[in-house]
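Peer 1: Okay, here's what each chain looks like letter by letter:
2 protein chains.
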Amino acid sequence: MQLDNIRIVLVNTSHPGNIGGVARAMKNMGLRRLYLVEPRQFPDEQAQWRAASAADILEGAVVTASLAEAIDDCQFVVGTSARERRIPWPLLDARQCAARMAVHSAREQVAVLFGREDRGLTNEELKRCNLHLHIPTSADYSSLNLAMAVQVVCYELRMLLDAPALPARDDAQWDAPFASQQNMERFYVHLEETLVDLEFLDPAAPRQLMARLRRLYSRVRLDEMELNILRGILTETRKWVGRARGGGA
Amino acid sequence: MQLDNIRIVLVNTSHPGNIGGVARAMKNMGLRRLYLVEPRQFPDEQAQWRAASAADILEGAVVTASLAEAIDDCQFVVGTSARERRIPWPLLDARQCAARMAVHSAREQVAVLFGREDRGLTNEELKRCNLHLHIPTSADYSSLNLAMAVQVVCYELRMLLDAPALPARDDAQWDAPFASQQNMERFYVHLEETLVDLEFLDPAAPRQLMARLRRLYSRVRLDEMELNILRGILTETRKWVGRARGGGA
Chain B
0 MQLDNIRIVL VNTSHPGNIG GVARAMKNMG LRRLYLVEPR QFPDEQAQWR AASAADILEG
60 AVVTASLAEA IDDCQFVVGT SARERRIPWP LLDARQCAAR MAVHSAREQV AVLFGREDRG
120 LTNEELKRCN LHLHIPTSAD YSSLNLAMAV QVVCYELRML LDAPALPARD DAQWDAPFAS
180 QQNMERFYVH LEETLVDLEF LDPAAPRQLM ARLRRLYSRV RLDEMELNIL RGILTETRKW
240 VGRARGGGA
Chain E
0 MQLDNIRIVL VNTSHPGNIG GVARAMKNMG LRRLYLVEPR QFPDEQAQWR AASAADILEG
60 AVVTASLAEA IDDCQFVVGT SARERRIPWP LLDARQCAAR MAVHSAREQV AVLFGREDRG
120 LTNEELKRCN LHLHIPTSAD YSSLNLAMAV QVVCYELRML LDAPALPARD DAQWDAPFAS
180 QQNMERFYVH LEETLVDLEF LDPAAPRQLM ARLRRLYSRV RLDEMELNIL RGILTETRKW
240 VGRARGGGA
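First to last, the sequence lines map onto chains B and E.
For the first sequence, position 114 matches number 113 in numbering that gives the first Met the number 0, and the numbering has no gaps at all.
For the second sequence, position 6 matches number 5 in numbering that gives the first Met the number 0, and the numbering has no gaps at all.
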């Protein structure tokens with residue numbers, strides 16, 4: 000995937016704040032090429048403010064007088080629309096569409112078109128697209144803010160770029176090794192002895208106590224450092240029990 | 000998954016516009032429960048404006064004086080943060096984290112915490128979380144707008160809700176059946192005869208012409224209606240060639 004071969008094309012945007020929001024969303028996800036087809040108001044202070052540290056994206060934006068100018072050199076054009084349309088068109092959700100764009104971007108110029116805040120893209124504009132993109136929404140309120148829609152599409156592209164590098168496990172960057180089964184078994188023996196010592200556990204009527212403690216610690220997956228801490232506590236506990244017994248005899 | 004068991008908790012939000020953007024992002028994706036921990040300015044006109052048709056989410060928002068008040072009844076708490084932290088914590092990307100939230104939300108109260116615009120969540124706040132959530136970004140500019148971050152997380156939750164219902168194919172809602180192989184073969188015969196008729200194709204030296212045409216039409220996958228149109232054109236063409244030959248003989 001070549002993110003630099005993918006351009007975001009905003010058609011007839013009304014609110015300059017949205018253009019700024021789009022610029023920031025793009026830069027956050029590593030996209031850089033913004034095309035503005037007949038924006039109502041640009042450049043604009045509100046756009047600058049919403050762009051925050053993505054002013055360079057706004058400065059590099061290409062303003063065109065027609066959609067054709069913005070996409071004529073593209074080999075793959077995707078149009079976003081929430082509306083029902085009369086002519087069925089190849090349609091994918093943002094995730095599947097991003098995968099298709101990623102493939103094309105390796106060697107081709109790719110454009111993603113986003114329409115007007117109030118009316119989206121016209122049927123004529125949608126017919127210029129190879130593929131239509133749909134972002135799933137609640138039936139109660141399906142009208143996404145323009146910059147939000149761009150954010151979702153750019154995020155899906157970013158996920159494709161980063162996915163192989165991301166840890167698939169929530170503990171991939173843990174700072175201590177996780178306890179081995181052997182050490183866990185030693186811990187359970189140590190724990191049980193301590194509980195018997197404490198007379199908290201009656202070996203003649205153990206009930207489910209150890210089973211419950213095992214379930215607890217196996218669920219949490221202890222690391223070696225945590226295990227050492229717990230065993231240190233048990234060792235100290237037994238010393239005190241032993242002292243108490245010795246002292247009391 | 001029960002979206003109504005998942006709450007979005009904004010901690011010390013500075014800009015009321017962001018609160019409005021969050022409300023809209025939530026409603027677009029079907030979430031409804033918003034908690035605001037010590038917002039700097041709320042309610043506020045800017046929040047109303049950015050919320051658009053999600054005013055009901057703002058009206059239903061619960062404002063609290065402490066984080067504890069907002070999450071004390073939750074069984075699963077997720078914290079978002081872009082910053083590197085000293086204490087490693089269970090960490091997943093937004094997609095994997097959404098899957099975990101979806102599971103818990105079936106029977107438990109789930110909270111997702113979003114921190115201050117400038118500094119995120121404090122270490123103390125992050126330590127109250129079961130899991131940390133990371134949204135992948137470009138290294139050049141990793142600071143996501145608050146409402147955008149909420150949008151991405153809510154979108155991932157929505158995708159889990161809708162995914163089974165979404166067509167996995169871009170032609171799932173096509174309006175005509177796709178052409179059978181038999182009909183395609185009849186078409187190629189018809190096409191070849193017509194091209195020979197037209198003397199565009201020399202049967203003695205066909206070269207790669209038919210192979211190229213086959214590759215073209217097989218790539219586009221014709222539907223029956225389109226096939227009928229093409230065959231209609233071929234039939235008419237041959238009639239005219241026949242007439243021309245008959246007329247010229």
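Note that these hints are calculated values from the structure, not bench results.
A few of these clues could be false.
It does not matter which identical chain is used: a pair holds within one copy or between any two.
Distance condition first, Cα-Cα at most 25 Å in a straight line; then the derived SDA-like pairs of lysine to any residue [unchecked claim]:
hint : residue 1 : residue 2
1    : 238       : 177
2    : 126       : 177
3    : 238       : 71
4    : 238       : 62
5    : 126       : 200
6    : 126       : 98
7    : 238       : 198
8    : 126       : 173
9    : 238       : 196
10   : 238       : 226
11   : 126       : 88
12   : 126       : 224
13   : 126       : 223
Peer 1: Hint by hint, note whether the structure agrees.
Peer 2: Checked hints:
no.: 1; hint: 238 to 177; verdict: neither (27 Å within a copy, 80 Å between copies)
no.: 2; hint: 126 to 177; verdict: between (56 Å within a copy, 20 Å between copies)
no.: 3; hint: 238 to 71; verdict: neither (81 Å within a copy, 38 Å between copies)
no.: 4; hint: 238 to 62; verdict: neither (78 Å within a copy, 51 Å between copies)
no.: 5; hint: 126 to 200; verdict: neither (75 Å within a copy, 33 Å between copies)
no.: 6; hint: 126 to 98; verdict: within (21 Å within a copy, 36 Å between copies)
no.: 7; hint: 238 to 198; verdict: within (14 Å within a copy, 104 Å between copies)
no.: 8; hint: 126 to 173; verdict: between (51 Å within a copy, 15 Å between copies)
no.: 9; hint: 238 to 196; verdict: within (10 Å within a copy, 104 Å between copies)
no.: 10; hint: 238 to 226; verdict: within (18 Å within a copy, 88 Å between copies)
no.: 11; hint: 126 to 88; verdict: within (8 Å within a copy, 48 Å between copies)
no.: 12; hint: 126 to 224; verdict: between (62 Å within a copy, 18 Å between copies)
no.: 13; hint: 126 to 223; verdict: between (61 Å within a copy, 20 Å between copies)
Going down the numbered hints, you'll see the structure goes against 1, 3, 4 and 5, while the others check out.
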